[in-house]
Amino acid sequence: MAERPQSLAEHAAQTDADRREIRELERVWARPPGIIGWFTDTDHKAIALRYVVTAFVFFILGGIEAALMRIQLARPENHFLSADLYNQVFTVHGTTMMFLFAVPIMTALGIYLVPLMVGTRDVAFPRLNNYGYFVYLIGGILLYVAFFLNTGPDAGWFSYVPLSGPGYSPGKRVDIWAQMISFTEISALCGAVVVIGTVFKMRAPGMSLHRLPLFVWAQLVTSFMIIFAMPAVMLASSLLASDRLIDTHFFNPAEGGDAILYQHMFWFFGHPEVYIIFIPALGFISSIVVTFSRRRIFGYTAMVLSLIATAFLGFGLWVHHMFATPLPQLGQSFFTAASMMIAIPSGVQIFCWIATLWGAKLNVKTPLLFVLGFVAIFVMGGLTGVMLASVPLNLQIHDTFFVVAHLHYVLIGGAVFPLFGAFYYWFPKWTGRLLSERLGRWNFALMFIGFNLVFFPMHQLGLNGMPRRVYTYLPETGWANLNLLASVGALILAIGVLFFIVNCFWARRSGVVAGDNPWGADTLEWSLASPPPDYNFFRIPVVEGGYALWDRSQEIPVVIGLSSTKRETLVTSVVDAVPELRYELPGPSLWPVLLSLATAETFIVGIFTAWAFAIGAVLTFAVFIGWFFGDPNYENVDAKEPPEPRDAADALQYLRSEEV
Amino acid sequence: MYLRNLKLSGTSAALGMVAVLLLASCKRETRNFDPSPMGQQKVVMSDLQPGATKPSPERNPVEENATALSDGKRLFSQYNCTGCHANGGGAIGPALMDEKWIYGSEPENIYATIVEGRPNGMPSFRNKISDYQIWELSAYVRSLSGQIRKDVAPGRSDDMNAHPSEQRVERKTPEQSAIPKAAEQP
Amino acid sequence: MIAKRQIAQVESFGRWYFRRARLRWLVLVAALLFLNGCGGFQSVLNPGGPQSEHISRLWWFMLFVSTAVFLLVMISLWLAVNSRTKPTNSSPEKETVGTKGRKGLIVILATGVTVAILFAFMVDSFLVGRGLTAELERKQGLNIEITGHQWWWEVRYQDVDASSIFTTANEIHIPVGVPVTFSLKASDVIHSFWVPNLHGKKDLIPGKISTIWLQADRPGVYRGQCAEYCGHQHAHMALWIFAEPLEQFDAWRRAQIQSAVSPASASEQKGQQVFLSSACVMCHAINGTPAGANFGPNLTHLATRKTIAAATLANDRSHLQQWVDDSQQVKPGNRMPANKLRPEDMQALLDYLQSLK
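Heads up: the protein sequence lines correspond to chains A, B and C, in order.
1 is the number of the first residue of the first sequence in our numbering; add one for each residue after it.
1 is the number of the first residue of the second sequence in our numbering; add one for each residue after it.
1 is the number of the first residue of the third sequence in our numbering; add one for each residue after it.
Possibly wrong hints are sitting among the right ones.
As the list claims (entries may be wrong) - Stretch-level coverage of chain C by chain B, calculated; a stretch enters the list once three of its residues show a Cβ under 8 Å from a Cβ in chain B: (1) 278-284; (2) 331-345.
To be verified - Simulated DEER-style distance windows between Cβ atoms: (3) Q140/C - Q329/A: 18 to 26 Å; (4) A162/B - F70/C: 54 to 62 Å; (5) I92/B - E77/A: 42 to 50 Å; (6) P33/A - M74/C: 51 to 59 Å.
Quick caveat, the hints were computed from the structure, so don't treat them as lab data.
For glycine and all other residues, C-beta sits at the position ideal for the given N, C-alpha and C.
Start from the sequences and build out the full structure, keeping to the hints where you can.
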């Protein structure tokens, strides 16, 4: 650790004036105390960690459901779960993992790290961010309260009509599902808007787009995908709900509706969803690979273009989920081509990572282990994905356990393994302490072995004719042994995850104190204390290269002139990050929580009576009035106004030399 | 003190609401698969005159169960109730979606009507339809005129829909009605 | 209680598993996989006709190429990790590794190979896809209409001669070497028709008719199962296909066209009366009797079937009794109500049902 960079705060706070200013910043950015404070807090780090913890709890719940299913399927004609309960369990498992775990936790890491990586004091819309969290939390609680009241949705996480329609899913189970979708989608959209705003307009001076860390690129691309994909599923679920509740006929073939329409709308979201989960993970991997190979990424431009290409292609292959429906053969062929094409950008990224690792001075720590595990698992998942792109082969293995294996290889291998790597990597930044390496290695080994034991045999089960979503199977099918093997693997996988939880609790108390930059990493978050102060940066740094902390000159240039008596941060231009404005960010407020309650009233009571929408509209309007007019006006000031006199000459010079 | 009371009452109100929700959704969402034995349809009617019969002590076990209502809706057309009653609007048989009830609007009355049959054309389905399914049908028939809770009553069907779905029907207060003149047998 | 027993089972299996040496379990896994791989009456890899033959060839091609790709990537990853010079937390390298050099070339080459492989996959996939239908579309063979119900299959053999049309359920007989056209419909929710030994799957969607052509080249018995989640008993919605030589098929078909045999013995006659006066008649049809409802499987030739309850139970007296008495115990949620008949009525009914050859 020859060049362990100093914290920007320490670095700058040398004079009494600086210390006074820091005290001022601490006062201005202080997080509100108490329970009310918990509701009103807008600090992006606090909100992100809430997201992480909440999503992880849902991950554990989803995992328990998976374990229940594995117990049920371990033997043929098992009576551990009834058909009715099994159907609820697998639906809630899928819904939880996709909507309540995978997407929010990826967004959460972005919300925590993007402002730190781009060098700003908070996200672009702190209150919207807070609102997003509470909407998500309410949605998740809705699903689980319903589940425990025997109202868990039971039509699959995809809820195909007509099975999920009014005729074949009586009661309120599917309505709960449909409304839960709305909650999580609103939350995801809020997260996406927040990230895009932050990345585009709040980067530190000098961090032009080609110097953006790949992590931030991944978050940016994902956020755009969310904005384009999520409305499709909200539409699908809302039309479904209106079919169920107010007699519309969108999906009723007898009155001119169409059951396939639902599938199109669902998968137009559903396939990009996979990439929404997977692309942020690519960002984690790039961060980890760069740090632990002590080397700049090989082919930065190719990596960025691959991310963007994946995002575009991701919208053009939804029909490969529907090859078994009566669609024209020629049309399906285009989707074969598109589905295969998306393997190219993924391949390019894998090659670039291997090229980066090749011959580098590797520092093999747990985060890197998870990345190596990712490559092994994800490549296999990718290859089975290519097989699924082929229409004839797809007709055989679609909706069988082969697909169960494939999707878990892609999602657990492609997202959960990198996510655990990211936990090991950023945990010290979040808490100030390192997770245990020894437990980490056990955690990795058990998860890797357990995972492969669960899911590899499923490929074979699929080829042996075992369809998905069956609550049991007959003994004469011969699927028992492989299912038992998978169930044993599930136990090992669960123990692996348990090691992680133990590790977290252990490290919170007695982990090694991390310091600012335990890994000698390159991105700006590592220049701050661990955990970072509420205001993030005492002085917003000026970035001189793509690897901010590796490329800096001895004296890090900083921006001065931002007010320390207001929550002020710097707004810069989209492409070149030239300073434009001093922008005052809003602080803690109760309005976002109240708005989330109004949203909750509308969607939840709306299941039972249409009056909920009228009441919800009034409530929302009232909250908006408070939100918009309840606070003093903010003054956004041109950043090139003469700043207060100080002598950080280099920073001033920077600001003046970038005259537009 | 006041605050504490408020808090307490708030908590108990919340708990109460949860309990109500729990009970309501329990009954609504259970998937109960025809647990009833057949051939024990005990309802005996001696009085064939128009007018409500004495409700038997047995209550409809499925009135608050959405699956049962949905099954009742399916059986209503499957067992060809539609052949006479159309989609509830009535044709050969009387309308079922209005407020008029000839033989009573209680579930037990409808049950008896299905089991025993009625003069002027309603056949007896004794031993042809299982007890449980008759209760499902009775509940469904009541939902046609809005006698069933809206969160339990069926939504629209994946079919041509002749009338708004049962969950959107306003409740019509049952009225006693005589046999229509047209249906009187000579 | 059941849960505890299950967990105990899993755990004891786990303990047994870990006592074995590492190599041995690898061998075991491999053996399991390969033993399960070939053979089987419900297997993608045991083709019984040209369609699944084509697809399984495509599978093996893709599997071998993919395995090679996987191994190559793993080897290069292994080499990359092991080629490290100094495994320390040292200072970062100053320069980016150029994409212009040898490494860049290798990456570009690897990308090129990826593209080439994908292209080969794509072309092969198109060709196989065309091959699946092109040949059979020209030859008209047997026409069968399948209607998916929750949770059984209605099978209707179409014919230009209306008197030769007949309906059966869950068991499909087809002649060997004759192309068969399946028209697929659904009466309630989406189902998916899938007999892996013969062809891939095709969805049955309400409001639409989908078509699939297949042909069996080897006589045999193939199992199929609904492959689209369709509610409670999705797991127990199976079917059998019996591929028979043409003469045998024709004999079967002629027998199926006939109306049901008249009850011979007194017990059978009584059984018929029970059938016609109880709930059975509300949903089932037996051709040649007043029973004509079509909400459950057509029972005209029930006794010729090998299984009941959508290929869930063997068609013998005890299973039949269990099913009639309380089918909800076997397939919870299925559409058939429990029928608590008097014992003598039940026996008569079973006699009658078993006489329906």
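What hints, given by number in increasing order, does this structure fail? none
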